[in-house]
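Go ahead and model the full structure; you've got the sequences and the hints to work with.
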Amino acid sequence: MDEQELKKIIEALLLSSNEPLSVEKLLEVFDEWQRPSTEQLKKSINELQADYSERAFELIEVASGYKVQTKSAYSEWVARLQIEKPAKYSRALLETLAIIAYKQPVTRADIEEIRGVAVNSQIMKTLMEREWIRIAGHKDVPGKPAVYTTTKEFLNYFNLNYLNELPSLPEVMDTLTLHTASQPKEECVTE
183 MDEQELKKII
193 EALLLSSNEP
203 LSVEKLLEVF
213 DEWQRPSTEQ
223 LKKSINELQA
233 DYSERAFELI
243 EVASGYKVQT
253 KSAYSEWVAR
263 LQIEKPAKYS
273 RALLETLAII
283 AYKQPVTRAD
293 IEEIRGVAVN
303 SQIMKTLMER
313 EWIRIAGHKD
323 VPGKPAVYTT
333 TKEFLNYFNL
343 NYLNELPSLP
353 EVMDTLTLHT
363 ASQPKEECVT
373 E
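FYI, the numbering for the sequence shown is 183 to 373, going by my numbering.
Source of the hints: derived by calculation from the structure; they are not laboratory data.
Certain hints may be false.
[What the hints assert, rightly or not] Distance condition first, Cα-Cα at most 27 angstroms in a straight line; then the derived DSSO-like pairs of lysine-lysine:
no., residue 1, residue 2
1, 224, 249
2, 190, 249
3, 224, 207
4, 270, 249
5, 207, 225
6, 189, 224
7, 307, 321
8, 270, 321
9, 321, 334
10, 326, 307
11, 225, 253
12, 190, 207
13, 334, 285
14, 207, 334
15, 334, 225
16, 253, 270
17, 225, 190
18, 225, 285
19, 189, 225
20, 270, 307
21, 253, 207
22, 253, 190
23, 224, 270
24, 334, 249
25, 207, 189
26, 334, 224
27, 307, 334
28, 224, 190
29, 307, 285
30, 249, 225
31, 334, 270
32, 189, 249
33, 189, 253
And the structure:
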């Protein structure tokens with residue numbers, strides 16, 4: 183199979199998938215006799231990334247593999263097309279998720295200590311249903327509380343390969359402070 187045909191096949195697979203595709207998953211699609219080498223596949227992916235550099239979309243690598251998405255510069259336009267409104271998450275949910283992401287592994291008591299308020303069970307349920315967090319085990323203390331960590335789905339959703347790609351905590355805090363300060367008082371919700 184020639185390189186151009188391989189690129190077209192990979193592009194079709196990535197555009198057709200609702201989830202990231204790993205190199206292994208892409209290779210599984212090919213019959214053994216036509217299967218490209220891992221190097222050939224990665225070369226085609228790199229060429230597609232270069233091809234897309236002047237386009238409105240990009241091919242990125244996340245924790246679970248590769249995916250094609252609209253560049254963030256055009257998200258406002260794409261959002262106008264969408265009939266279904268994206269989910270809006272409460273500040274409490276986002277704070278809880280941030281604590282788990284930055285301090286993992288953590289127990290519910292750890293989260294409550296950092297936030298200074300009790301964690302609503304619905305928040306933990308929502309994060310588990312979204313598959314952004316999981317129970318990674320239990321702490322060896324009385325009561326054996328569950329220990330939470332983030333998942334690959336969390337990394338995929340936020341376009342990350344690894345946790346060390348998260349913005350630094352001071353950056354996040356500055357952004358939250360600026361966002362809260364810029365909201366009109368009636369929009370600021372206190373817990």
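How the hints compare with the structure:
Restraint check for residue 224 and residue 249: the C-alpha separation of about 13 angstroms stays at or below 27 angstroms, so the hint holds. The suggested pairing of residue 190 with residue 249 holds, with an alpha-carbon distance near 15 angstroms, which does not exceed 27 angstroms. Straight-line distance between C-alpha atoms of residue 224 and residue 207 comes to about 13 angstroms, which keeps the hinted pair within the 27 angstroms bound. Annotation: proposed proximity of residue 270 to residue 249 holds, straight-line Cα distance about 24 angstroms (limit 27 angstroms).
Taking the CA atoms of residue 207 and residue 225, the gap is about 16 angstroms. The hint holds against a cut of 27 angstroms. Only pairs whose Cα atoms come within 27 angstroms are accepted, and residue 189 paired with residue 224 is accepted, the gap being roughly 10 angstroms. This hinted pair checks out: residue 307 and residue 321 have alpha carbons roughly 20 angstroms apart, not beyond 27 angstroms. The hinted pair formed by residue 270 and residue 321 fails the criterion: a straight-line CA distance of about 32 angstroms is larger than 27 angstroms.
For the given pair, residue 321 sits about 22 angstroms from residue 334 by alpha-carbon distance, which is consistent with the 27 angstroms threshold. Under the criterion of a C-alpha separation no larger than 27 angstroms, the hint pairing residue 326 with residue 307 is consistent with the structure, at around 19 angstroms. Pair hint residue 225 plus residue 253 holds up; C-alpha atoms about 22 angstroms apart against a cutoff of 27 angstroms. With a C-alpha separation of about 16 angstroms, the suggested pair residue 190 and residue 207 falls inside the 27 angstroms cut-off, and the hint holds.
Between residue 334 and residue 285 the alpha-carbon distance is near 16 angstroms, which keeps this suggested pair within the 27 angstroms criterion. For a cut-off of 27 angstroms, the pair hint linking residue 207 to residue 334 stands: about 16 angstroms separates their Cα positions. For the hint linking residue 334 to residue 225, the alpha-carbon distance of about 25 angstroms falls within 27 angstroms, and the restraint holds. Restraint check for residue 253 and residue 270: satisfied, since their Cα atoms lie roughly 21 angstroms apart, inside the 27 angstroms limit.
At most 27 angstroms may separate the alpha-carbon atoms for a hinted pair to count; residue 225 and residue 190 meet this at roughly 13 angstroms. Annotation: proposed proximity of residue 225 to residue 285 is violated, straight-line Cα distance about 37 angstroms (limit 27 angstroms). Distance check on the hinted pair: residue 189 and residue 225 sit about 9 angstroms apart at the alpha-carbon level, within 27 angstroms; holds. Restraint check for residue 270 and residue 307: the C-alpha separation of about 16 angstroms stays at or below 27 angstroms, so the hint holds.
For the given pair, residue 253 sits about 24 angstroms from residue 207 by alpha-carbon distance, which is consistent with the 27 angstroms threshold. Our distance criterion of 27 angstroms between C-alpha atoms is met by residue 253 and residue 190, whose separation comes to about 20 angstroms. Restraint check for residue 224 and residue 270: not satisfied, since their Cα atoms lie roughly 36 angstroms apart, outside the 27 angstroms limit. Restraint check for residue 334 and residue 249: the C-alpha separation of about 14 angstroms stays at or below 27 angstroms, so the hint holds.
For a cut-off of 27 angstroms, the pair hint linking residue 207 to residue 189 stands: about 15 angstroms separates their Cα positions. Pair hint residue 334 plus residue 224 holds up; C-alpha atoms about 21 angstroms apart against a cutoff of 27 angstroms. Our distance criterion of 27 angstroms between C-alpha atoms is met by residue 307 and residue 334, whose separation comes to about 17 angstroms. Proposed proximity of residue 224 and residue 190 is supported: the alpha carbons are some 13 angstroms apart, at most 27 angstroms.
Proximity of residue 307 to residue 285 is assessed by CA-CA distance (about 19 angstroms); at most 27 angstroms being required, the pair is judged to hold. This hinted pair checks out: residue 249 and residue 225 have alpha carbons roughly 16 angstroms apart, not beyond 27 angstroms. Between residue 334 and residue 270, the direct Cα distance comes to roughly 21 angstroms. Compliance with the 27 angstroms bound is thereby established for this hinted pair. Using a Cα cut-off of 27 angstroms, the hinted pair residue 189 and residue 249 holds, with the two alpha carbons roughly 14 angstroms apart.
At roughly 20 angstroms between alpha-carbon atoms, residue 189 and residue 253 fall within 27 angstroms of each other, so this suggested pair holds.
Taken one by one, the earlier hints fail for this structure at numbers 8, 18 and 23, listed in ascending order.
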